[in-house]
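Number of protein chains: 4
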Amino acid sequence: MGFEMAARLARGGADLTVWNRTRAKAETLTKYGARIADDLPALAACDIVFCMVSTWDDVRQVIAGPAGLLSVGAAAPRMVVECSSISLEGSAELRALLSARGIELLAAPVSGNAKVIKAGRLSFVCSGPRAAFEAALPYLRMIAPSASYVGEGELARMVKICHNVFLGVVTQSLAEITVLAQKAGVPRHAFLDFMNQSVMGSAFTRYKTPAFVNLDFKVTFTPYLLRKDLDLGLDAGRRYGVPMPLASITRDVVQTLIGRGMTDEDFAKLLVLQADASGLKLESENVEVSDGL
Amino acid sequence: MGFEMAARLARGGADLTVWNRTRAKAETLTKYGARIADDLPALAACDIVFCMVSTWDDVRQVIAGPAGLLSVGAAAPRMVVECSSISLEGSAELRALLSARGIELLAAPVSGNAKVIKAGRLSFVCSGPRAAFEAALPYLRMIAPSASYVGEGELARMVKICHNVFLGVVTQSLAEITVLAQKAGVPRHAFLDFMNQSVMGSAFTRYKTPAFVNLDFKVTFTPYLLRKDLDLGLDAGRRYGVPMPLASITRDVVQTLIGRGMTDEDFAKLLVLQADASGLKLESENVEVSDGL
Amino acid sequence: MGFEMAARLARGGADLTVWNRTRAKAETLTKYGARIADDLPALAACDIVFCMVSTWDDVRQVIAGPAGLLSVGAAAPRMVVECSSISLEGSAELRALLSARGIELLAAPVSGNAKVIKAGRLSFVCSGPRAAFEAALPYLRMIAPSASYVGEGELARMVKICHNVFLGVVTQSLAEITVLAQKAGVPRHAFLDFMNQSVMGSAFTRYKTPAFVNLDFKVTFTPYLLRKDLDLGLDAGRRYGVPMPLASITRDVVQTLIGRGMTDEDFAKLLVLQADASGLKLESENVEVSDGL
Amino acid sequence: MGFEMAARLARGGADLTVWNRTRAKAETLTKYGARIADDLPALAACDIVFCMVSTWDDVRQVIAGPAGLLSVGAAAPRMVVECSSISLEGSAELRALLSARGIELLAAPVSGNAKVIKAGRLSFVCSGPRAAFEAALPYLRMIAPSASYVGEGELARMVKICHNVFLGVVTQSLAEITVLAQKAGVPRHAFLDFMNQSVMGSAFTRYKTPAFVNLDFKVTFTPYLLRKDLDLGLDAGRRYGVPMPLASITRDVVQTLIGRGMTDEDFAKLLVLQADASGLKLESENVEVSDGL
Chain P
1 MGFEMAARLA RGGADLTVWN RTRAKAETLT KYGARIADDL PALAACDIVF CMVSTWDDVR
61 QVIAGPAGLL SVGAAAPRMV VECSSISLEG SAELRALLSA RGIELLAAPV SGNAKVIKAG
121 RLSFVCSGPR AAFEAALPYL RMIAPSASYV GEGELARMVK ICHNVFLGVV TQSLAEITVL
181 AQKAGVPRHA FLDFMNQSVM GSAFTRYKTP AFVNLDFKVT FTPYLLRKDL DLGLDAGRRY
241 GVPMPLASIT RDVVQTLIGR GMTDEDFAKL LVLQADASGL KLESENVEVS DGL
Chain Y
1 MGFEMAARLA RGGADLTVWN RTRAKAETLT KYGARIADDL PALAACDIVF CMVSTWDDVR
61 QVIAGPAGLL SVGAAAPRMV VECSSISLEG SAELRALLSA RGIELLAAPV SGNAKVIKAG
121 RLSFVCSGPR AAFEAALPYL RMIAPSASYV GEGELARMVK ICHNVFLGVV TQSLAEITVL
181 AQKAGVPRHA FLDFMNQSVM GSAFTRYKTP AFVNLDFKVT FTPYLLRKDL DLGLDAGRRY
241 GVPMPLASIT RDVVQTLIGR GMTDEDFAKL LVLQADASGL KLESENVEVS DGL
Chain B
1 MGFEMAARLA RGGADLTVWN RTRAKAETLT KYGARIADDL PALAACDIVF CMVSTWDDVR
61 QVIAGPAGLL SVGAAAPRMV VECSSISLEG SAELRALLSA RGIELLAAPV SGNAKVIKAG
121 RLSFVCSGPR AAFEAALPYL RMIAPSASYV GEGELARMVK ICHNVFLGVV TQSLAEITVL
181 AQKAGVPRHA FLDFMNQSVM GSAFTRYKTP AFVNLDFKVT FTPYLLRKDL DLGLDAGRRY
241 GVPMPLASIT RDVVQTLIGR GMTDEDFAKL LVLQADASGL KLESENVEVS DGL
Chain G
1 MGFEMAARLA RGGADLTVWN RTRAKAETLT KYGARIADDL PALAACDIVF CMVSTWDDVR
61 QVIAGPAGLL SVGAAAPRMV VECSSISLEG SAELRALLSA RGIELLAAPV SGNAKVIKAG
121 RLSFVCSGPR AAFEAALPYL RMIAPSASYV GEGELARMVK ICHNVFLGVV TQSLAEITVL
181 AQKAGVPRHA FLDFMNQSVM GSAFTRYKTP AFVNLDFKVT FTPYLLRKDL DLGLDAGRRY
241 GVPMPLASIT RDVVQTLIGR GMTDEDFAKL LVLQADASGL KLESENVEVS DGL
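Protein chains in written order, with the numbering used here: chain P, 1 to 293; chain Y, 1 to 293; chain B, 1 to 293; chain G, 1 to 293.
Check each hint, because a few of them may be wrong.
Copies of the same chain look alike in the list, so a pair counts if it fits in one copy or across any two.
As the list claims (entries may be wrong) - Keeping only pairs whose Cα atoms sit at most 30 angstroms apart, straight-line, the calculated DSBU-like set for lysine-lysine is:
(1) Lys115 <-> Lys183
(2) Lys218 <-> Lys281
(3) Lys218 <-> Lys228
Hint data in this document are derived by calculation from the structure and do not stem from the laboratory.
Produce the entire structure from the sequences given, and follow the hints as far as they go.
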């Protein structure tokens, strides 16, 4: 996802320096005017540093590791915009760590995947100092049409967790009604065509449609990752005293998906689990359908 | 809703004759060139008759009642496009009744409310003879940007039920995560602003936002009606052997809303029930928010 | 079950006349002093007629069919004690039908199976005229140690449905915790030995123990029958406005059991479904365990 | 509960020395031949030390605190039989701590409350070295008719958690069907009289009957404690990959009970929450009912 974000920044006219573990990946960006950094500390001279990796461990390594952003001298950017999907605890640790060096942190996880960014449909949810958000906004807008500010500290991480809980519930509900419609006689592509165009349709229901119709479960998000986010949501529910029955049941269904060994493909295999529970053997409809992107 | 549909047909250039129980309501349409029928049988001379009322009893009365469409002579339209939210059984009875007079039925329930039509965002889901659908399509398109054909017979009714089951689940899940986000410190308007712009946002989440933010629960759809559609969905699940745990739990939550007496306002009061279960006293945020229409 | 009931009546000293579709089955009872009726109308001379068959259709046939109890002349017993598991509607129809002949009906379904009766552990739940209950009580007591009176009309049928809803929930919960305990390292027989002797233990948990430990799923009650009773309970919940989330979810789990084809064996296969969802391959523990009877 | 346990040991003929924070409480036991210890270290000369307190903190204090069992010299009992309801982690820490002094630990939580012990109906579930269990068994039997051995280490704690998860589910299901039966016309005392005598009846359903019938919610176990045990069960479910939908939903219902402020009375107020969700105002039936003890 980082590549698409950087490409949009470069094309948007930002004065951009890029670093990637695999330098060759970054080099494609030079055609849009981006410079390539030889190492991470070279980025410390920038005003704003965007970070988009996989896990909190990766974030820690690129920021504070032995060869990381802060590993050489006292140079430091004004702020880090951290876009990975990490926990509240990781985010708070990062904030403390940056703060000790006088660097602001804008927590800025996203809704969408690489294809969504490319289609210009990403959205950011941001938390941290309001001034940092305002300063970063012109650059966020180069990447995505929408960036919401939700408050101080790590609140954006909390919102991302809520977003992913919703994503899990919506997918399971969609699996329930798609199988019901099919058993009643409606082809999946016809059913989802209507749902996608109805008031209930979303970018998400649209880009999951090819998977539901043609059973292409190439992984975009694994059942393990979805379970992790549902557990984070339920843990937050415990902490704040919020009962969440739909999240709870969805969590149990995702656990069942994992227990039955459907772990290597996309979490959209919830459709297959639902069909199986309904005595239905799914087959691809082999219909060309749009993903809306 | 009928008025907005007719207005769009008239403005779209259709040769339109209109009948309404309250003639005065129809008369506003004459400025767009519509004619007013003196009684329902006068519509029997039309090629296509659209019907949009409240319940199956109303449909039966306007079509086959003593003063209904078919009450005088042998004149009959080519087809009836029935857009009300009625049951599969009612729809099948209507089809038989029309078929005996050589009239085709296009079952064509909609996704959206009057405001959605006005905003040009309605969608139809249609079932019946494919040729009838093709013939009606130019007129459906005057009303709505989207009309999906899902198959023969009453399948469109089934799809509408699935749509409303999904609507119930989505609303309850949204209530769960909105209360969680608020208890964690995120204002509802900021939270929903992000959700609406995220890949999970839909026309529905957008037009429910004012209710969730400012606690305006003027009724658009009552808890009783939502319970009825959830029950229809669960009954279909029984008939077709499809377990639907999220629909089941949502049904029980809506029943709790009714049991606790929150029956006169919009079903969006699921938010209030959720807050109450979470020990949270909701207050309006008094923030101007868009409904996206 | 009828045989065991009759045997206990005969041994208890009742003046007993017996009829069974298969006369040979009834004849074993002559050694306890029972007489064999040549046909059903011969029982019309008795004071109290007990009826224990399978379905409401069977009940109707033996009472009011062409060769049934009431098929010859005006002779009629004082009362019928109807012990089969039939619906409220069937029970009400039977009451009307008997009432027209001046016969009282005591609705008297039971908790337990043939083995439970034999062990002297059956219980009746009765509804109808209180005087009829009082008159029947000495005979009920010959069969079972316990007979509860719950009110007029068909209330006993309602109570039996509640009993079976509870049975479904208890079995599913037992499946959940038995699999959890096993995965944590506790053999099923050791776990259930404790549960059975704990304050949570019941005759039911004890007599299901051999099935859970040694995976003997010879049918006592099919998944279809359990689903039927859960549906009756949920329908009553709809009628009386009672949300029942645990019953709803259990119903969906039983539907999944059926959807996955585990229909020919006992509903205790809920344990297998639970193990499967938990990534556990069950094997018989081959341990001799008591069923408590 | 400790008093009743000690009383049964003394009456059973054990050579008993007793210590209690409030010495006066212990003194009543001298009439059965028990000796009173001046302080905890005095118990270190005993062969077997039973411990029954409230929390893991209390256990740690009486065993390893500055004035605890092990605070003076090298004297040590052969084994500690620990009967409190503590976590797996606490139990493991205790085992390590005792092991370092050459003392065996028998983890021995119980099913039942003080009244159950007095009625001679307690049951132990034990884990630890099998030999320790065998040696303790004669004494366990003086206290309770039943003691089950489930394996090494802290397995008995796991089993106790499963037991309490089941207790939560059973109570919620009982609340659902009791309210349904009442709304259908069956008094609660009549309904529960049957249930208690049916194959589904347990010591637990019997001793909760007075609370359900006469709405006496004097606390025996708080909603907070039940929630804690349900959370421990669900956490174990996560660790071992066991989806537990009924436990999950029950957990959410108990959270709702807490969220709505019903926290100071017994968890049996789940009945009140269920009635409230069903639009029913409960009143005491003022009927004398047995608790079965």
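Tested hints:
no.	hint	in the structure
1	Lys115 <-> Lys183	neither (32 angstroms within a copy, 33 angstroms between copies)
2	Lys218 <-> Lys281	both (19 angstroms within a copy, 28 angstroms between copies)
3	Lys218 <-> Lys228	within (20 angstroms within a copy, 38 angstroms between copies)
Violated hint: 1 only; the structure is consistent with all others.
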